[in-house]
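Got chain X sorted already, so can you dock chain L onto it with the hints?
Protein chains in written order, with the UniProt record's numbering: chain X, 1 to 658; chain L, 1 to 658.
These are computed hints drawn from the structure, not numbers from a lab. Hints are supplied without guarantee of correctness; some may be wrong.
The list treats identical chains as one, so a pair stands whether inside a single copy or across any two.
Claimed, not checked - No more than 25 Å apart at the CA atoms, straight line, and that leaves these computed lysine-lysine pairs for DSS-like: (1) 330 x 506; (2) 130 x 313; (3) 610 x 88; (4) 548 x 88; (5) 271 x 543; (6) 242 x 313; (7) 633 x 88; (8) 506 x 437; (9) 413 x 633; (10) 413 x 330; (11) 320 x 506; (12) 506 x 596; (13) 610 x 633; (14) 88 x 551.
There are 2 protein chains.
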Amino acid sequence: SVNPDLGSERQTASFSVEKLTALLDGGAEQTQIRRAVVEAIESDPVFSRENQYFQTQNERYEAAVRKAVHLQKKMHEMGWTENGPEYKYIYRALSGDVAFLLHRVFMRSISVLGSDKQIAKWIPLATQHKLIGSYAQTELGHGTYLQGLETTAVFDSATQEFILNTPKISAMKWWPGDMGRSATHTVVFAQLYIHGKCYGIHPFIVQIRSLQDHSLCPGITAGDIGPKMNFEHVDNGYLLLKNVRIPRENMLSKFCEVRPDGTYVRQGSQKINYFTMTTVRISLISDEVLTPLMKACTIAIRYSVVRRQSKLKPGEQEAKILDYQTQQEKLLPQLAAAYAFHFINDYLQELFNRGYREIQRKNFDMLPELHALSSGFKAVITQHCTAGVEICLRACGGHGYSLLSGLPSLYTKILASCIYEGENTVLLLQTARFLIKCFMAASAGQPVPPSVTYLAAVKHGKCPAKNKLDFLSPDIYTEAYQHVAVRLTSSTAAKLQDLIQSGVKKHDAWNQCTVQLVQAAKAHCHYIAVKNFAETVEKLETKAGIQKIMKHLCDLFALHGIFSNTGAFLHDGYTSAAQMDMVTASFLDLLVVIRKDAVPLVDAFDFTDKSLNSALGSYDGRVYQRLYEWAQKSPTNQMSPAYERYLKPLLHNTLSKL
Amino acid sequence: SVNPDLGSERQTASFSVEKLTALLDGGAEQTQIRRAVVEAIESDPVFSRENQYFQTQNERYEAAVRKAVHLQKKMHEMGWTENGPEYKYIYRALSGDVAFLLHRVFMRSISVLGSDKQIAKWIPLATQHKLIGSYAQTELGHGTYLQGLETTAVFDSATQEFILNTPKISAMKWWPGDMGRSATHTVVFAQLYIHGKCYGIHPFIVQIRSLQDHSLCPGITAGDIGPKMNFEHVDNGYLLLKNVRIPRENMLSKFCEVRPDGTYVRQGSQKINYFTMTTVRISLISDEVLTPLMKACTIAIRYSVVRRQSKLKPGEQEAKILDYQTQQEKLLPQLAAAYAFHFINDYLQELFNRGYREIQRKNFDMLPELHALSSGFKAVITQHCTAGVEICLRACGGHGYSLLSGLPSLYTKILASCIYEGENTVLLLQTARFLIKCFMAASAGQPVPPSVTYLAAVKHGKCPAKNKLDFLSPDIYTEAYQHVAVRLTSSTAAKLQDLIQSGVKKHDAWNQCTVQLVQAAKAHCHYIAVKNFAETVEKLETKAGIQKIMKHLCDLFALHGIFSNTGAFLHDGYTSAAQMDMVTASFLDLLVVIRKDAVPLVDAFDFTDKSLNSALGSYDGRVYQRLYEWAQKSPTNQMSPAYERYLKPLLHNTLSKL
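So here's chain X without its partners, still in its complex pose (with noise of 0.2 Å):
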């Protein structure tokens, strides 16, 4: 039975939630083999993750092993494969709680990087996991800085070997996934020398554990880094590396060979190596970034009208706590940045899909926008998603506190989104970096990639908005987003020429214009991603009022946008302080709009309650009840040593006397 205070919530939906499931999947299809895979990994007890907020960092780390080798025997009982199309669903109903993620890196970087023959080789051994790799980049002291990095491999031509050392501490391999307990190869980034010349870094493969008893290779120092914020699952693990000899056919030689006299030869382009980097990049958007979003707020916003706090009218009931303005200040935002997101992120796919075809022609040229498009969204996506779990955690007061509200994990995971796969800040100014060389081309009237053409077409208006409807005009605020963008990069760019005109060094000017470079890059894609949701709503069809309850949640992403940054339009004057008022007033509105529809609107996204693993989010909202059952089976309601050894003999005045 729902909780009636749930239950009455969905009676008065303004649209068909099925039909915006059906939308968010990609059609009807989609959501039914979605859900087939759903129920088949959720009816099946080994992927419980039921008992997760109660195990160690050991037991999470056996049952994500466990896990990722009943998934083989799954998929195979299933028919599922890697081709197939359920392929996508299974990592998101498994929420990512599954061993050997790095071994399929390491597949994929031999695929990508290694010869035919060494394809061949590898990767059947791979498939059948007759070997578990993974993928050893990062190192104690060096990250998205690649040339940085201090493991050396010195061609031997003598033996026809490579040697590979760590010389450094620093150089110590350090956090690769699948490395610290499982792997038995890995993929190793290291400074190629070949008769005492650098070539810079090449990929190794390295065995680092024997295949009959796991035991450390010679030269071999391996172990796991210990605990993290999240990720408990996964054995991220270090690796130090002492006249490791391999043979010479180990380098990965799509692009670059060693010949067996210590000839270096360079071979066919390896820009395609830079898009799988950027693919890299988009692919995460959904599973570890939107999809914790998205879970967030059905957990909060379900939370937030089951939950009753004060009274909002004397006399009254206590009010469902989403009633109140500044909870819905605090969560709305984030429904329609989830919306917002998830329309940007099939706009880059599209994008991205496109780019592979060109680039498969040997067409580069949207390599440059392509790469920073997905640096800036990777950056601000992960960031506005982060921030975004953790309204809705705080949102929910002390019971999201509790791990059994699913939301602190959902933070604490999210949240290394923002470092993994590029550090935010360093990809905003790549993006940045982009800007402004496409801001001085087309000033100079040069052609520019089309996400930037923007950028010539300067102009010195005011922002027409008369009253607060005016602002629930996709043209309106589009274009206020636009004119911002563009004056955050001309600004800063013309910053840049003036210290270098100055005599200020070029990297130095650089530098101390970085603060206002993120933002100009933040404000691009900011655009960017309003104009999409704009033009995305425009597209919809019209019945079942789905096209209506998204035209207002786009208005709330970008009214709301303007209303945590006002300075930004208000600065040159493009928007006055009486506008200023009228956006707030139609942001305010907005929200008692929507809040009509929030819990269809977080149903729409149809999570079962096993994937939310949440006391607060479930379907049917009984709350309390989940709290105190799940409570009850925690490991701290067993009898604690505690009471014998210290609080028996304190209570009894037996401690050795004071």
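Just chain L now, kept in the frame of chain X:
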């Protein structure tokens, strides 16, 4: 030996670190006492926190109990007493990682709410630990809104007892510390009923566990609420009461008494009781909020001069990451905030001491102002510091994400301070209510408390700054903050009145203004913090370079607040766009100035390595060695059953055929 990259940072300090430490401590003697306490605690292995990041919740609880019991012995040995000068440093030296904190609240509530007879009976028992107490107020379904509590205490005149019940699941007591596993007694807050009439919330002493064998008393169901985001060492508990009978004497009766015949008698003024609540909010700021931010700054800043990444200048060594403007912009404002809030804490403490003296003279005039300031600053400081710790964590990249950095635990713990002792939004609205009231009074020419007299003096001028150096004048920026606080309060008051005049009911009108009321309350606190910092700097002695560096930090704190919230200052044209560019320029200039003293400024916080408990933050800066050595001790480096169970059969292809 100190890492030279860290050592060199200390050689150029512009001020005396030791003198700044003494200033922060409130005098060199205080520093001496503090260090003696820290030394005594840290040299005792029972208090070690070294294994903390590896321990389960059960192990953390047991350790906390062991420490609490041992602390009694230690205090006796050292001659420390609860009234001695050392006492305030003990908790800080333990980093709060100790049990029986609620036992102290139990004692305090009896002292404040109990009759002399009750105090005489219970306090000695509690002091000698013949019982262990807790404090049971919050319920599963009820937090901030105390009138909503559902637990009942019905007076039975026949037996001269109260019969206590938690009639619904939402009435279950939930969260009280020390109650899940340790406590034998607790103070239960319940609705008092006499002859069918409800007299509201009252406190009752209830025994919940046997003093002999610790078994639950008849009618009691109690246990631990399970895993949380932090506070693993605390046994937060739940409590169900079913017809639990307690003698009439167990109602704490300093202010209200039930006579044997059921007559209800109210006596004395309860106002002092409200004062206790405000005092708690202020007292938590130092230990629970400022110390964590100061620790996080110490860790992140030391790490940022040891970590090198990418090249700032071509051809040179990789740069210290603190030399990047973006890293400075993340960390240095947090450092400035730590100092700003340290000084505002001094200000609040002083104000409260004064208030306490007045109240003891039965003068309650200061109460509303004290309540507004304690609520507002509790919210603003916890929020700001929580965000600051998160920024520090993220600024350390991957290593910040390791528990061994210490940063995740600082973050997950400080986060709770935004929720407990009054949820922040609720508190800010209480401050706002006070502001609106005072604004109305001031507008009507009535007198208002000192901290809000500025609301009366609405000025419509413009910011007089002419160049970026003008923004290093405290008068200029303090006035700008004041202007914003007045504007936000007055415009929201106007909106509120407009709504009411247009026919909206008062409570609805209030709700429709709450988002803006929160902004006004924050602006008020921010203004006072800036003003107080500037005044504090003014009063510092000019020797030893301390005043100079504090002035820089004050400027940075003020300008960062403007830079991050430009809209509030631009809105009505008080600050022009050109002036805002000057603010930005001065702010960015200050980063370079303060960066030079960043390490000495965190050294002055005087944290020992043991108290930081961080692989990144140690005084000698040997980051990589510590991470590696520490990780090797992790339980995840013991043999896992996963190998024999899953990995070996998989690799040997002996898993039952897929």
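To see whether the hints hold, each was checked on the structure:
1. In this homomeric assembly, residue 330 and residue 506 come within 25 Å of each other (Cα to Cα) only across copies, at 23 Å, whereas the closest approach inside a single copy is 42 Å.
2. Taking identical chains as interchangeable, the C-alpha atoms of residue 130 and residue 313 are never at most 25 Å apart, the minima being 68 Å within one chain and 47 Å between chains.
3. In this assembly of identical chains, residue 610 and residue 88 lie within 25 Å of each other by CA distance solely inside one copy; the values are 18 Å within and 46 Å between copies.
4. In the homo-oligomer, the alpha carbons of residue 548 and residue 88 never lie at most 25 Å apart, since the shortest distance is 30 Å inside one protomer and 59 Å across protomers.
5. For a Cα distance limit of 25 Å, the shortest separation of residue 271 from residue 543 qualifies neither inside one copy, at 45 Å, nor across copies, at 60 Å.
6. With identical chains, the CA atoms of residue 242 and residue 313 are never at most 25 Å apart, being 73 Å at best within one copy and 33 Å at best between copies.
7. For the identical chains of this complex, residue 633 and residue 88 are neighbours neither inside a copy (33 Å) nor across copies (38 Å), given an alpha-carbon limit of 25 Å.
8. Proximity of residue 506 to residue 437 under the C-alpha cut-off of 25 Å is restricted to the intra-copy arrangement: shortest distance 14 Å within a copy versus 55 Å between copies.
9. When the C-alpha separation of residue 413 and residue 633 is checked against a cutoff of 25 Å, the pair qualifies both within a copy, at 24 Å, and between copies, at 24 Å.
10. In this assembly of identical chains, the alpha carbons of residue 413 and residue 330 lie at most 25 Å apart whether taken from the same copy (21 Å) or from different copies (22 Å).
11. Taking the shortest alpha-carbon separations for residue 320 and residue 506, only the inter-copy value of 19 Å comes in at or below 25 Å, while the best intra-copy value is 57 Å.
12. Taking the shortest alpha-carbon separations for residue 506 and residue 596, only the inter-copy value of 22 Å comes in at or below 25 Å, while the best intra-copy value is 54 Å.
13. In the homo-oligomer, the alpha carbons of residue 610 and residue 633 lie at most 25 Å apart inside one protomer (17 Å), although the nearest pairing across protomers, at 35 Å, exceeds that limit.
14. For the homomeric pair residue 88 and residue 551, neither the shortest alpha-carbon distance inside one copy (29 Å) nor that between copies (56 Å) is at most 25 Å.
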